[in-house]
Structures are given as structure tokens and as C-alpha cells.
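Residue numbers (my numbering), protein chains in the order written: chain A, 1 to 413; chain B, 1001 to 1204.
Not the full set, but computed from the structure, chain A residues with beta-carbon under 8 angstroms of chain B:
#1 G63
#2 G68
#3 I233
#4 A234
#5 G236
#6 K373
#7 R375
Read the hints as simulated data drawn from the structure, not as lab findings.
Where is the CB? At the ideal position from N, CA and C, for every residue including glycine.
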Amino acid sequence: MATTTKEISIADASSRSARVEGELSGETMAINVGPSHPTTHGVLRLMMELDGDVIKKCEPVVGYLHRGDEKIAENMTYNQFVPYTDRLDYLAPLANNVAYAMAVEKLAHLEVPERCEAIRVLCCELARISSHLLGIGVYGMDAGAWTVFMYTFTEREKLYTLFEELTGARFTTSYTRIGGVARDIPDGWLGRVLEFCNGVLPVIDQVDKLLTRNRIFMDRTVDIGVISKQDAIAYGITGPNLRACGVDLDLRKDKPYLGYEKYDFEVPVGTTGDCYDRYMMRGEEVRQSVAIIRQVIDQFPEGPYYAEEAKKIFAPPKAKILSSMEELIQNFMIVTEGPQIPAGEVYFEAENPKGALGFYIVSKGGGVPYRLKIRGPSFCNLSILDKLIPGHYLTDITVILGSLDFVMGECDR
Amino acid sequence: MASEELALLQGRFGYLTERPSADHLAVNCPAENLIEFCTALRDEFDYDLLLDVTAVDWDAASPRFTGIYHFLSTSKHEYLRVAADCADDIHPSLPSLSGLFPAANWHERETFDLMGIHYEGHPNLRRILMWDDYPYHPLRKEFPLAGIETPLPAADVAEQTKASVLPAPMMGGPFVSSGDGPMSQTEPRARDESWTEQREKPTD
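Sequences are here, hints too, so could you generate the full structure?
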């Protein structure tokens, strides 16, 4: 059967007009995507009502990965909870470790030494690069550009080698302790981080060439999934997704922690808040993270890597425990009873790759939190889906979800 | 800065009291004034980003439940914590902020799900993390860490398999020692579960 080009273009035009007016006659169809579906990057489920190819209604269902982290936290000491933070945003575990440790330290009014801060900044920024590399890679793949994924995953693999050297684990790093980090940086590690940074920038440029002016990619992302400034704020969206909408809010700049005020970097801000802008955010943030890492390494401070004066909070290094009575007792007390944190309430947020990861901690004193609430940025970023998705084509779902770059581990907690 | 802001807020709303806090400005607001106060916060004081809604269970104390709200001003870059006590300890409820802040929608569903606080006026107050028919509110202090035996969410599967959701095995977990008794019996485990191989799980 011969099909002329003309017929195809007419069919296309009619469906495009349907998208604008939303006036297709006929019965609607219910479609379920997930909870186990490659598009949903985890266990997100979408229940949708379709009129032709246009989505009329979308109801996101979350909770398939709920593990009760907050309940668990109430039943263990502060340090024992660190491995659980790895599993929140499991694409940037180091950043979660740091955010959690900082929240508890804020409650204890504990200042960590400069070297510890510098190590933590390195951790956060490397985690950001690793998360964004994955974000861009799978986003490209969602839109049909497989090559990008290969490039970014090669770089991410190099990062995981660096993480393994630093923490002993590639994925579940559990690197921070309350009052410091688990161990100092290995010899020559900073040099290898710089080497990685020199290698990652050309890859980002390459991704730029593959995607940024790619006709197909632009057709699929420009003006798709537009979130307005007002909506973004009203729905509590944070991180790159918020900045893509044109809201200049970056906690590293606006509520500086870990000495971020010392470093010179730019905060990329988008204009329209569509899927394309959200893609552009991530590439630029990787470049800025590299700039921060170079500055940190350039003036890397000497000194202790943990708060030495916090005798009731940080267990000293193993060599000291095995050679001195006082440190042995200190270690025993911290391991059995937990770091001693004063009573009070605190809320601390860190600018994580996915958005603002917040910890609200209520302490009644002692080594165990009375209540610990985790604000997962992905949870808030997904709550806009039922407003964002209706009116789009079914095929737009993949790019919208890819552009939001969420992690269900953090959403369901 | 924080004290000026507090004076400003208290001057306008006489019912606010300062709440002890280790970091940001925090105020107590009576539940009945919550909507009025939060509307003003959003429209007049620029606290436009509702970051988090949660609640704390104070166990034996009364009022037992306190709703906690965290705001961030995207222009002033200041945080504000608002706390509202629930008057009723048995059926705690608070007015819903989801009409003012769409962000509150999911957060309130989560707090209802895990803590059992009813948000009056919420358009869709259903469970979000646990399944719809789940009978308990797990973050309440009386709920054991291991969980409670519960029917499976899928009735047809439950009928065929006779299976149910069982409490988690606690042995060997990286938890806190219960501390009562000799060390051989008080290996670190969940604080609220004290059975071991030697001591049987109490049946009730």
C-alpha cells in the first residue's frame, strides 16, 4: 500500500493540533506505567488516562521503596545511621553523608576543622559530578541518544575508582562521621582528582556537541514539560530543576556552609523551565563543580581531618585507640552509647545534586535521635507530576521523567 | 536578625510564642490560627517556599503531637520553623495548608500516613508511602521497630498463599544494646525488641 508523504504530514498536523486544543473525541484509555519500568528510573508508578495519544490525567504512585528510614533512625546512634544515608540518593551517597553529618554537628554546635571542610566540599562536588553524569547519560538515552550514555558512564567509572580509594567502597561510601570523616585522604589522591577533572571537561564538551544542538533531542525537549517560576516554588521544587525555571536559589551561595563562600563559582539559571533547560543546567553545573574542586585542591589546608576537641562525639583513629588508654575509653563510650548530642531541634539542608536534602532532628540528649525527618528533594520534585504531565503526549513522559532526574531511594525513604 | 524578625512577627500576630531552636528562628502557632499566619507568611513576609511538613510524637506528654513546618524565603534566604500543637491526643488534627502551598499536599499525606495526623480540608488525604489498607501509623512511638503482623495488601494473593506481612527479624541488626541483663543477652539490637536465642519472643 502506497503512502504518500502528504498523508503523513496531514496526520501529524492533526495530532499536533489535538495537543493544543485537547479536543479529541472518543473514549479515554487507562494506562499504567511502572512500578517496574525502564522509563521510571526505579519504582515509580504512573496511572494515566489517555485520550488518543494525549494524557488527560496522571496520578503518580510512590512508596514502593519505603524502608522506614526515619523509624530506624530513632532506634540507633547517630553514627550508625550514616550507612542508611548512602541509600537515600544512591547516585550521590557522599553528598548525603555530608549533609547528615552537618545536620547533627549543627545541633551539637560543633565546628569541624578546615581540612575536614575541604575534604567534604570535594566529596559533595565529586558526588554532584557523578550524579549529573548519570543524569545526562540516561536522559540522553531516554530521548534515544544512546552514545551519550557510553561517554558519561566511562567518566563515572573513573570517579567510582576515586571514591573507592577514598572510602573503601564504590557505591555505599559511609564516609562521614559526626565531627569529621572516617579517614584522611590517601597519598596522591588529590592529583588523581585533578587528572579526572582535566578528563571530564572534554567529555562534557563532547556531550554538548552530541546533544545541545541535536535536532532530534531539541524537538523532544524544547517547550516540553514547562514549569513556571511560581509553580516551581509553590510545589517546593529545589536544586537544578528549580534553577531551570529561572529562580536563582542555590544554598551553596545563599546559605553558605562548608566554607563555600571562599570559592568562586557561578550558579547557572535557566529561562523557560522546560526539559531542555533542565538538561542545560546539569552540564553547566559539572563545569562549575570542576572549578570548585580545582580551587579546593589549590589551597588544600593542612591540619586534623576531624574535630579533635569533640571527645564525646568523634572516636579517634585506630592507631591512637590501640596505643592510649584515654582514647580507648573515648572510643568505647562513643561506640556503645553513641556521640553525645545536646537536646534541641535543628533543620539543616544541603544543596545536593537532586535538590535540597534536609534533615530535621529532634534530640533529647544522648546518642540516639528522638525524631529524625528526612526531606528528600526527589519526593517534592515528583509531587508536581500530576499537574505537569497532563496535556503532553505519552511519548513525552520519558523525557519529562528523565529531565527531572529523580531517585526513588530518596523519594520513598 | 532573627530577633528582629521575631519581634516583627509577634507584633503582628500576638498569639505567636518563640520556640527554642538550635538554629533558625522558630515560632509556636496555635492550630486555629495556622492558616491565617501561613497566608501572611507567604504573601507579606516572603516565606514562599514550603520545604517540609512533618510532625513529632512526644509519647506520654500532652499535647502529644506537634506539627512542624519549615519555610524558606527565596528572597531573604532565611529559614523559619513553625510548630503547631494538636489539641486532641487520640485523634490529632491540623488544618491543611495544601490550598496555600501545593507542596503541602504530598507532605501532609506522608505525615498522615506515618504519624496519623488528620489534615482538615486536604483534597486527597490518602496514604502515600504505605499501602492504602495499612492499619497502623508506623512513626508513632508505640509502634515497634520490627513491625506488626499485617494482612498482605493483595487479598487474592493472601488467600492463595495464606501469607501475611511479618515483623522483621531483628537478630544481628546494627542497633542499640538494650542494656538490661548480662552482656551475652544484650547484644546490640533494636531498643524495643529484647528477645534473643536464649530469651523467647514474648507472645501477647
